[in-house]
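Novice: Listed in order, the protein sequences are those of chains A and B. Quick note: the first sequence uses UniProt numbering, first residue 1, plus one each step. Quick note: the second sequence uses UniProt numbering, first residue 1, plus one each step.
There is no bait here: all hints are sound.
Okay, derived cross-link-like pairs now, DSS-like style, lysine-lysine, Cα gap no bigger than 27 Å in a straight line: (1) A/LYS348 to B/LYS284; (2) A/LYS284 to B/LYS348; (3) B/LYS357 to A/LYS357; (4) A/LYS114 to A/LYS392; (5) A/LYS211 to B/LYS285; (6) B/LYS357 to A/LYS291; (7) B/LYS348 to B/LYS211; (8) B/LYS319 to A/LYS348; (9) B/LYS380 to B/LYS420; (10) A/LYS284 to B/LYS357; (11) B/LYS285 to A/LYS348; (12) A/LYS211 to B/LYS284.
Counterexamples of contact, computed for chain A against chain B with all Cβ distances above 10 Å: (13) VAL24; (14) LEU65; (15) LEU102; (16) GLU110; (17) GLU164; (18) GLY251; (19) GLU262; (20) GLU276; (21) LYS348; (22) ILE447.
Just so you know, the hints here were simulated from the structure itself, not pulled from any lab data. All C-beta atoms, glycine included, are put in the ideal place defined by N, C-alpha and C.
Number of protein chains: 2
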Amino acid sequence: MDLKLGRMTLKEWVAVESDSIQPVPRLRQELFRMMALAADKLRHLGASVDSVDGGSQQLPNGQTLPIPPIILAELGNDPKKPTVCFYGHLDVQPARREDGWLTDPYTLTEVDGKLYGRGATDNKGPVLAWINAVSAFRAMEEDLPVNIKFIIEGMEEAGSVALEELVRREKDRFFSSVDYVVISDNLWISRRKPALTYGTRGNSYFTVEVKCRDQDFHSGTFGGILNEPMADLIALLGSLVDSSGHILIPGIYDHLAPLTEEEKKMYEAIDLDLEEYRNSSQVKKFLFDTKEEILMHLWRYPSLSIHGIEGAFEEPGAKTVIPGRVIGKFSIRLVPHMNMSVVETQVKQHLEYIFSKRNSSNQMVVSMALGLHPWIANVKDNQYLAAKRAIKTVFGTEPDMIRDGSTIPIANLFQDVIQKSVMMLPLGAVDDGEHAQNEKINRWNYIEGSKLFAAFFLEMAKLH
Amino acid sequence: MDLKLGRMTLKEWVAVESDSIQPVPRLRQELFRMMALAADKLRHLGASVDSVDGGSQQLPNGQTLPIPPIILAELGNDPKKPTVCFYGHLDVQPARREDGWLTDPYTLTEVDGKLYGRGATDNKGPVLAWINAVSAFRAMEEDLPVNIKFIIEGMEEAGSVALEELVRREKDRFFSSVDYVVISDNLWISRRKPALTYGTRGNSYFTVEVKCRDQDFHSGTFGGILNEPMADLIALLGSLVDSSGHILIPGIYDHLAPLTEEEKKMYEAIDLDLEEYRNSSQVKKFLFDTKEEILMHLWRYPSLSIHGIEGAFEEPGAKTVIPGRVIGKFSIRLVPHMNMSVVETQVKQHLEYIFSKRNSSNQMVVSMALGLHPWIANVKDNQYLAAKRAIKTVFGTEPDMIRDGSTIPIANLFQDVIQKSVMMLPLGAVDDGEHAQNEKINRWNYIEGSKLFAAFFLEMAKLH
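Taking the hints into account, I'd like the entire structure generated from these sequences.
Specialist: Structure, rendered in structure tokens:
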């Protein structure tokens, strides 16, 4: 495996300021250049490459910017082999030296075995690791054990504009032969121990508006004779969750997947230094004291967070206002097998009940502003078994079997549209700092990760 | 009484854009011109006039602007007569034609007996009405029945910068001979019936901060394992007041002045069309159904309003944030004889108790950010009796005896520093629109108001 070459390419790719967040024509050009470099690279690998026009993006200010093409590529179509589709992205978060970077963010720099640079771990490094794995077979003139497809986009950090439409359009064409989808766009939860991600929580985001009138009131002139919307809203928000984090909405826990002995063991096996986690989180005390409880409450139990209030006084200082119309915002992280529309009904009924008890003359409107299903994979699927064996071969250990407490829309998208097994197989360590200053990928992770992908191809072929 | 001349002067004064809010050198010059015009006017009246340098104002941007002088003037010093000091201000709120004015805000324009113009009722008209009253005696070459003092400022709308310092400094000099202070800077609560204002509520403004850490959290990554500061804060704010407006802080009602039969009758006598009040307030339903209950809850009972939360998500949209540190803001309108430091202790003890019950690992800090005492006058004081008689003479009716639910810092200031009887004797009607577009004073109010002040001088002399 020509890893020196692989590192040179990573350096070349990191040097492209493929920032999709800042809507600047110069950066958009860099994104196009990035996608062209990747298409070239894949063609050199022998893949047939289709750069699909992404159309254009309408900005809030009315300006229009072109969306970089999404690459669909394929290598091999032997009907006897399984077809694995790899998703990755080559756009990055903004980075400037003066934000606190110790090295230039767009010059890949090795210090103590760490390769620093924007996009090194999110997600240019993992994309190249996959390409390295394919190259290895090519270089040894060996047949690829699996058929490979690539879907590589350049707008992930900006919300994967245009991706969903493409995936739906290509469902019965490009994706029709796909058996497995692999995403490598998250991190381990440890510095040294590999992980496999098999689920994410969903989210249902609610707004509750309480209105007396559109204008605000002065608290001297009206304080004492009004059903103040803030008092109503505070009572509504205060009815949602108790101080132990338990959600108080009746029925909300009814459809939770039962905790099996097998699942319990997965939490026990996970490598998590609670003390370090607490320190790095800068949290004095969590609601729970054990690793297992903490992980379960992040991954397999729902949680309710109150985000804020729109329309009230939020600035520094002391303003004596009675807000006339306020909107509270909260969301519930959903887990298997909660049903989003059941949750919506439960929340609405609960808030209507609490509001009716107050006998307020204000108007209340509850809306579910956003709903994302939870995602859970079957860890007994072939690709999870293959990945576990490959990890054992390359790293000599069992992986941490992890979930993500957040929603990863791309996993949901592939799961929902293609309806094939989706696996998240991360390469980066927990301290890689994706989105932060001094993002890095360890040289060790990058090299062993490339080997891992190659070993995964072999194991997949064996299991198929 | 030369009222034609009085209207000419009002036109001239309204024409000066004496806006103290916008910190613009041109407008500051207009303010200086306004104060010079007033000083001239008072000198023509025969008063000895002292324009006291106001020093300068430091703006938040570091810029410095001069503060217009405060006028101290006096007319007569007969030790056998009472000395009445009149407070007024000649600065105005900003106004632009395009804000929705039907006439030019700086050109006094009469339409259907209404004199439209910025400052017409707040407070140039009433200041001139007082001057008109003095002029009337001068014009008839009659002796003034009382000694008159004036304190006229040009920064009231901007918070009376420099006033308090001057009043304290002049306590034993200019103010030493003052027996009564009259302020005419508020409105009747009816269109046709005069009023006397004898009290205002105070205010104690609280902040309660709940902190887990300085940075925010992502609700996917941390939701479920934290004592979320918003949940704590919502519970704290939710413990303050019930849905009927009753304050739940133990002891808060302990020191309220008892409601006497006499006071009760004052509310009953007040002219208030509830239906019109409700409509003009755009409020579907108040907490109380009778005029008396509504007025008492605005004037003689405390109220608690929750103003908002600093540090949470307050913008439109759906952000999945767990705020790391939030500051709730609420205030209690104080009434006689609540003691501010007792209230402070009650609030702190209550919140500490509620917080301790939650067993949260967050930190809570409660602060009283601002405290203003309530003001109440003795309505049996000579000047209240004199004003009632003068109203009866000029308007043929008893006045509404009213209070203000807001704090009027100037009344407090004179009460606290000079410790003489303070009376608020408004001239303007409830619909004058001070601070709003199309501010006006009715010609009738202006003329009868000038007569009222003259009659008041005579009644004062009789009672003394």
